[in-house]
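Take the given structure of chain L and dock chain E to it, following the hints.
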Amino acid sequence: MPAAPPAKGARKAPRFIAGPLWLTVPALVLLVAVVGYPLLIIVLRSFSEPAWGVQNYVWFFGTPVNLVVLQRTFEVSAWVTLACVISAYPYAYMMTVVGPAMRMLLILCVLVPFWVSGVVRTMAWVILLQDSGVINSLLKWAGLGTVRLIRTQLGVVIGMTQVLLPFMILPLYSVMRGIDLRLVQAARSLGARPSRAFLQVYLPLSLPGVYAGAIIVFILALGFYITPALLGGPRSVLLSTLMQNQVLSLLNWGRGGAMGVVLLVATFVLLALAAPLMRQRHKQGARR
Amino acid sequence: MMKTHDGVSSRARGTWSGVMAAGLAVALSAAPALAQDKPVAGEVKEGALKGKTLTFVSYGGIYQDGQIAALQDFVQKSGVRLLSDGPTEIAKVQAQVESGNVTWDVVDTADFPPYVHCGTLFQKLDMSKLDVSHIPKGQVGECSVPAMNYGVIIMYNKDKYKDNPPKDWKDFFDTAKFPGVRAIDGSGDPVPGLIEQAFIVDGGDVSKMTPADIGKGIAKIKALGPDTIFWKTGAESQQLAESGEADMIMMWTGRAMTAAKNGANYAPVWKNWLVVMDQITIPVGAKDTDAAYALINAYLGKKAQEVLTEKTSYSPINTEAKPKVDDFTAAYLTNTPERVAQGYQYNMPFWVKNYAAAGEKWTELMAGN
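Chains as they are written, first to last, in our numbering: chain L, 1 to 288; chain E, 1 to 369.
Bear in mind the hints are in silico, worked out from the structure with no lab data behind them.
Each hint should be verified, as a subset may be incorrect.
Unchecked claim - As a list, the in silico BS3-like pairs of lysine-lysine whose alpha-carbon atoms are at most 27 Å apart:
1. L/Lys140 - E/Lys158
2. E/Lys38 - E/Lys137
3. E/Lys324 - E/Lys271
4. E/Lys324 - E/Lys311
5. E/Lys232 - E/Lys160
6. E/Lys324 - E/Lys302
7. E/Lys162 - L/Lys140
8. E/Lys52 - E/Lys92
9. E/Lys160 - L/Lys140
Stated by the list, open to error - Derived CB-CB ranges, DEER-like:
10. L/Ile107 - E/Pro226: 41 to 47 Å
11. L/Lys140 - E/Lys167: 31 to 37 Å
12. L/Gly223 - E/Gly100: 28 to 34 Å
To be verified - Below, a sample of chain E positions facing chain L; criterion: calculated Cβ distance under 7 Å:
13. Gln94
14. Gly244
15. Glu245
16. Thr363
17. Gly368
On a predicted model such as this, the values are computed, not experimentally measured, just so you know.
Positions of the beta carbon are idealized from the N, C-alpha and C atoms, including for glycine.
For reference, chain L alone in the conformation it holds in the complex (with noise of 0.2 Å):
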């Protein structure tokens, strides 16, 4: 490359960043047409409906209800996040180190639930999940009583984690594959006990895959709504549930958009607040 002359090398620069951003195009299009237009008129329609102004807004913040139903929502969302990180952890780390036929056999296992579709999961966990159901049949059986888990928030945070999963363990494997385990062992002969090498060393490089799983896991457990219309209760209804009541069965468009939207802008300020701190937290894991 270096051997190029510089006159050339200018003229070609420019073309070679043109080229791939011209591929984006139709993703550009797609995106626009099928996200923006609509999210566009979702907005405009929560300040438009039934007429111009903010009451669309003025409502939700005025009903208590929905403020607990936000707040639930984060809540679960929150909680779904860390039982994700905890089991995918370990998991995707199990990935990196098995041999090449065990790992076969481990990703297939994270994907072929990803092949069945969510509701048919989500009716997996009611059959497992409800009072007379496996779980509690079981626990019965061992003379444990039982315990109240479908229509509760744990069973709602059990079968949202399970669903979520493969969305935690796929980036964490792709981040850890690219961890060089000589490095752990670098530290480990440098005099580390095994966790100071592990929290020092590999922890910090496992960090991206951590916050790039959690990002995903916790924007689409927000947004959630099978699931939880499932296996939850009065009491675990998120704002999906919501919305869905607002729009299809009241008509009321406007504040179904309104709650959309409150919930969408909650999200970003939630990601804009907690990007800083990732990137300090990451570059002080590279530094050490």
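This is chain E only, laid out in the frame that chain L set:
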């Protein structure tokens, strides 16, 4: 989602369709020139809709299959191409009406929508184009005719209550005398009949009900306690009975019948069962209104209604219909004189007027606030 049904008609037609067709042919040949005749339920002119296409929208499953089967004679005779689409979403009707591009010609809706959105989303019907003479009294609306009748009943667990079963809604709301988990319809829209019954049990007088009383009724429902199950779909309610998850379940009769057939040891309470029906409507701005009327008029016919009941177990809305059904289905039909006498009809005009307020309070109940 769309599928055409004109190809399957020969399979779907029953053995007696030949008799029917012959009868129709006689009727038609007797008065071939009278184009402006008064419509007769179940009849359509030979080839009247040749080359035309109608889209019929309903809730899918066995129900919509049964409706399409009931319309096969109409398809054969009129020459129409019948498409079926769904499931019905009032929000989708609204989107079509607002954009001026209405692709749904005849829409099966729940109880309420044609009353709440009469003239705005659904056309006011010209009754001279329909033969409504055999529809049960009081069921024809300004913007709708009934699609079928069914009921909401309490199904109770026979093992749980043994010799002392619940007898009416009062017992349903009495958790002290009748302990056990309750399940109610949480599929979306507020259920006026249930709120009225709750209000009555609470000592209220429905004939003097005010919007503030909606809250009282809902408070009574909420007092059933945190264990109460709000089922989201008919299938879920059926599953609750078959697995024994709930002890008293508010259920649609079709689902109750299927659960009992599948072995659920539950029995129905018929006192003050809630009368409900689906509605048949034409959206505002539908492309070919006359063709839509022809379809509805055929749907209201005696034979069409018999086919519908035999295929779906819902009660017919033609009083002359004599469907041949098994004992299980017969036990859950709601159109017998005995059942008609036990039914409870809620105050439709009140709920239409207070629909938004009821929706708000119902949503709060559903969200556990």
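So which of the earlier hints does this model not fit? none
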